[in-house]
Amino acid sequence: MNASLSDLQKKFQDRLLKGETAIDAHLTDGGPFMKAYDHAYKARLVEILTEEFEGLHTLLGDEQFFSTLSEYVDAFPSTEKSARWLGRHLPGWLKSSERWGQQPVVASMAAFEWMIGLAFDAPDAKLIGVAEIGKVPPEAWPMLTFTFHPALNTVELDFDVSAFYQAAKAEEDPDGPPVAYEQPVTWAAWRDPEAMIVTYRPLDLDEAMALKAAREGQTFDGICEIVADHTDADEAAVRAAGLLRIWVESGWVIGLDAEGMSW
Amino acid sequence: MALEGFGLGLRPQHFPDILGDDPDATAGVDWFEIISENFINVGGPPLRNMMLVRERFPMVMHGVSLSIGSTDPLDMDYLAGLKALADLVEPELISDHLCWTGVHGLNMHDLLPLPMTEETVEHVAGRVRQVQDYLGRQFMLENASTYVTFEEDEMTEWAFLSAICERADCNILLDVNNIYVSGFNHGFSTDAYLNGVPAECIKQIHLAGHEHNGDYIVDTHDEPVPDYVLALYEKAIDRFGMVPTMIERDANIPPFAELVRELQGVRRIVEERRTMVLA
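Read top to bottom, the protein sequences are chains A and B. Residue 1 is where the first sequence starts when you use the numbering used here, and the numbers rise one by one after that. Residue 264 is where the second sequence starts when you use the numbering used here, and the numbers rise one by one after that.
Honestly, the hints are just simulated from the structure, not real lab data. Check before you lean on any hint, since a few could be wrong.
[Claimed, not checked] Distance condition first, Cα-Cα at most 16 Å in a straight line; then the derived EDC-like pairs of lysine to aspartate or glutamate:
#1 A:K11 x B:E415
#2 A:K11 x B:D335
#3 A:K35 x B:D373
#4 A:K95 x A:E156
#5 A:K35 x B:D478
#6 A:K10 x B:D373
#7 A:K42 x A:D14
#8 A:K11 x B:D478
#9 A:K169 x A:D14
#10 A:K212 x A:E194
#11 A:K126 x A:E139
#12 A:K42 x A:E71
#13 A:K10 x B:D335
#14 A:K18 x A:D74
Could you put together the complete structure from these sequences and hints?
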């Protein structure tokens, strides 16, 4: 028995992930307590995910929830240093999975909960105030771009899961199942800068499209054009400026730039 | 300022007690230990509350994901996050476990056992030196609870830990519960362990509870520290002197006041030993 460290680690990990037994010959007395590692791996990951997805747990019930998480853990062995990020692939996996792909309410709930988790503990950043917007000179506005707070996140949902989620979090009986939208609706979640409480709301279609473009680096002029597709052309700039004011007052905006112009 | 006295692991459910108006709530708690990963690249309420505690108490940082024994390259993004957190927290001590947590880019989120060989000693010591160079300070390794050993083993666990610390010039976070757990699981002498590690390197002690399954013990941190672990702790302080000591509780977490009472019991043990020595 003179296996290298890397060989032993590969065999050990293969036992945890795939149940392969090549490591057993290297364990003293065959490793009678190896079960302590075997059981810990999946149990620990599922336990962590359970804390992150309380709404999904209520929606699916114990049996379906735990078997779904078990499948997910098998499909996505963790590459994360912090267990905090274990659930990052869950919404997308649910949406495309054979088991849940035809029931979009499941992916909607997971995506909603993941977004709220991100808003809760995303890194802090210094906000732009309304007063700073007022200092932007008129000639800078057309090319003005925005940087957003890391706690601001959006998801497009097929179901309104918010009331069901709130009931689950409060350990109360939901009034009814989540309600399907006729068309997907974008929701935003962020952290109130003063109270540090996570807040969320659905966005109108023009705001959702404007915000998506702004987060991708679109200029204020470009945002006005997007808004103009949803309103009278002569009201687009007013609507876009109004949206910007809401975003700033909500604590979403942390940076302004206009091709390096300073003011 | 060197760390002194008795501490607790900082857990989110205890923030209201620690940061509340009652100064007696934390009486007897000299410092707190944070889990590093919980605050790397994180903001919002978790970071704000932790820093409010930091304003009032000395702190140490304890990691679970460095994977110092893995044959994967050290994760420099993780180390950068650890360093940034250390710059913010200014901890008295920084530690992680003598273990590995995954290879081939994966993380098993468990403290996995290392074969105790010369190859591993050299491998780990080199990586600890790399970590210390990067952080610009000494690092501590904690002995982990283990449930298997390897046919490849060439030395005892205490010889393994001691050799790494000597070669890397690092310190030891001695987990007395883990010595008990591994000693029971593998049938080694816990006294020999205490006598076999270099006293001058022991800078912090962990105490915790565990789950006894009859023929083996699992290190669960979900129960009070049992009396037989406290008895081993008495032997540890007889040998090492008063080393900053804390209780870890990671599951089945009781009200904060209960942990404070348990910690006061640990303090009494140390004070009684001191009185006996002086008498």
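Verification of the hints:
1. Distance restraint check for K11 (chain A) and E415 (chain B): the Cα-Cα separation of roughly 14 Å lies within the 16 Å cut-off, and the hinted pair is therefore satisfied.
2. Distance restraint check for K11 (chain A) and D335 (chain B): the Cα-Cα separation of roughly 14 Å lies within the 16 Å cut-off, and the hinted pair is therefore satisfied.
3. Proposed proximity of K35 (chain A) and D373 (chain B) is supported: the alpha carbons are some 13 Å apart, at most 16 Å.
4. A threshold of 16 Å between alpha carbons decides the hint, and for K95 (chain A) with E156 (chain A) the separation of about 12 Å falls inside it, so the pair holds.
5. Between K35 (chain A) and D478 (chain B) the CA atoms are separated by roughly 12 Å; this keeps the pair inside 16 Å, and the hint holds.
6. The straight-line distance between the Cα atoms of K10 (chain A) and D373 (chain B) is roughly 15 Å, inside the 16 Å bound, and the hint therefore holds.
7. Between K42 (chain A) and D14 (chain A) the alpha-carbon distance is near 13 Å, which keeps this suggested pair within the 16 Å criterion.
8. Distance restraint check for K11 (chain A) and D478 (chain B): the Cα-Cα separation of roughly 25 Å exceeds the 16 Å cut-off, and the hinted pair is therefore not satisfied.
9. Our distance criterion of 16 Å between C-alpha atoms is broken by K169 (chain A) and D14 (chain A), whose separation comes to about 37 Å.
10. Between the alpha carbons of K212 (chain A) and E194 (chain A) the distance comes to roughly 25 Å, so the proposed pair goes past 16 Å and is violated.
11. Distance hint between K126 (chain A) and E139 (chain A) is unfulfilled; the C-alpha atoms sit about 25 Å from each other, more than 16 Å.
12. About 10 Å separates the Cα atoms of K42 (chain A) and E71 (chain A), which keeps this hinted pair within 16 Å; it holds.
13. Proximity of K10 (chain A) to D335 (chain B) is assessed by CA-CA distance (about 11 Å); at most 16 Å being required, the pair is judged to hold.
14. For the proposed pair K18 (chain A) and D74 (chain A), the alpha carbon gap of about 9 Å is at most 16 Å, so the pair holds.
Consistency note: the structure conflicts with the earlier hints numbered 8, 9, 10 and 11.
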